[in-house]
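Asker: Protein chains in written order, with our numbering: chain G, 1 to 315; chain Y, 1 to 315.
Rather than coming from a laboratory, the hints here were simulated on the basis of the structure.
None of the values given here were measured: they were computed from a predicted structure.
Just to be clear, a hint being listed does not mean it is correct.
Because identical chains share one entry, a pair is satisfied inside a single copy or across any pair of copies.
[Claimed, not checked] When the alpha-carbon atoms are kept at most 20 Å apart in a straight line, the in silico EDC-like pairs for lysine to aspartate or glutamate are as follows:
no., residue 1, residue 2
1, Lys270, Glu115
2, Lys98, Glu115
3, Lys66, Asp167
4, Lys161, Asp76
5, Lys161, Glu214
6, Lys98, Asp47
Number of protein chains: 2
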Amino acid sequence: MPTKLIMLQRYAEQQASRRPVMIAIAGDSAAGKTTLTAGIATALGPDRVTAVCVDDYHRYDREERKTLPFTALHPDCNYVQIMEQHLQLLATGQPVLKPVYDHDTGRLTRPELVEPREFVLVEGLLPLHTKLTRACFDITIYLDPPEEIRRGWKVKRDTEKRGYTADQVLAELARREPESAAHIRPQREFADLVLRFAPIPTRQDPPGTPLSAELLLRPTIRHPDLSAVLDDSERRAIHLRMRRDVDGRPVDALHIHGYAPAEESRLVRKAIWSRLGVEAGDPPELLGDLGNGQRSEPLAITQLLLLYHMLGAAR
Amino acid sequence: MPTKLIMLQRYAEQQASRRPVMIAIAGDSAAGKTTLTAGIATALGPDRVTAVCVDDYHRYDREERKTLPFTALHPDCNYVQIMEQHLQLLATGQPVLKPVYDHDTGRLTRPELVEPREFVLVEGLLPLHTKLTRACFDITIYLDPPEEIRRGWKVKRDTEKRGYTADQVLAELARREPESAAHIRPQREFADLVLRFAPIPTRQDPPGTPLSAELLLRPTIRHPDLSAVLDDSERRAIHLRMRRDVDGRPVDALHIHGYAPAEESRLVRKAIWSRLGVEAGDPPELLGDLGNGQRSEPLAITQLLLLYHMLGAAR
């Protein structure tokens, strides 16, 4: 019906004019997605950011999953096609009525209206699972902590915040492992940035030393020219090195050392902020918050680089 | 991002190829929407029909509405923009995750996946409320019973099936009247067919006589040439008359008389079915079911004409 098509087109055009910047943060359960995004959202301000967790697109609730042959990580356990549809709608500036999965009760409940603001932060287990979802993002990030570290984080969180015993969490991790390997970890190759927070194996740093960060900067988006930033005086806190990724592709690996004196890292952070000319004034505070009262300079610098990309994509 | 646009376009094209026939049945509460659609859905078969009630797009549940200055009939009480979006998606052959309003509990609950089949029957209070929703339909119908008859139907249903007292229902009807006038009844003018089931004022038919039907056939869609059907022998059961609508527009008014002998009406029904050449064989049975064990030939013939339009639009 021509009328219909005309209306649909007008609608699309009208909406296209206010396209938000779409950022995906993919990673396995307890890989640090929330910690990473919280600081960014705070730095930009809630009125500029819409946060979406795609784990809300579960097709079955916790009770129903008990009778099913797969875990919540499996694409068949999620409304992948609806996730694709909603990401497309958000990417073109349209609101969606997003399903809601209650992590406390394990129940699917009343959906909520989500309106895309200037930046849409999409985190979850499968945001990069399909070609169509990936096409919806301006910047894609994969969180890739060493498995033993992630296990520690998950046990800590699920026992402290979700009322499980350590044994229950470890059993669930074992049950999920094949699906993590099959569906979650393959998303790593599609990320513009791969982030790994871990201690440096070759060093014996005292306990309490913040984890170091390794950022793989893939050439799929334009990264800042850090050569201008990383002069000798800063080599101790941060350095850039080209290497081959596990798949053989050449990547830039940015290393941010958790053992470097905080003061030095702060200088680096200010230098990056000012010399990259992202915005005038000092870098936003509240970056690097680990959520447990502690701060991490490597996390702060990582979040700063993400802010650089997001603000750049918005221009 | 070009990638994104290409993906979005491919997706739209891929989906456009399986566009369902979209039918809207609008009308006030207890105007007879369900009775009308039930017969059609049964006749076509569940595997060919997707039924959607747009009253599920309520923004607030029953509890929340108590503190609000409007009733469920008010557009501000509904996610109209999401309703527009979902109707567009269904009209282009895409599934939606539809919100669900539980009429028994008055609660908004877990949404459900709706995949458009060959025919999508959309009924509810506001399906024709906006230009964009109207643009999504191939056939639009408005149910327009006399108010006193609708009140009787609503009292009967809400006391028998929804646990209200008659006084509660009448009080609610009074409370809703201004919003019915402002938001529901204005949809009448946008319908291709306006259906009114009522006794004929000029006659004293015995109680139990089925209500007669008046169908306004607006020239906004192509109606069957009934002149071929309505020869003299059938005038008693059904006749067509041109008149001016309340807004002065000329319309064809098809009158189907409830007092006509059932046998005669059955002949008319067969005649319409065969001479219109909708489908081979006899007209589908199960038409005209009033849901209370009784049948109505005027309803059956009305449903038959709707089937004619739906099957025609599908070609």
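Asker: Of the hints given before, which are not true for this structure?
Answerer: 1, 4, 5
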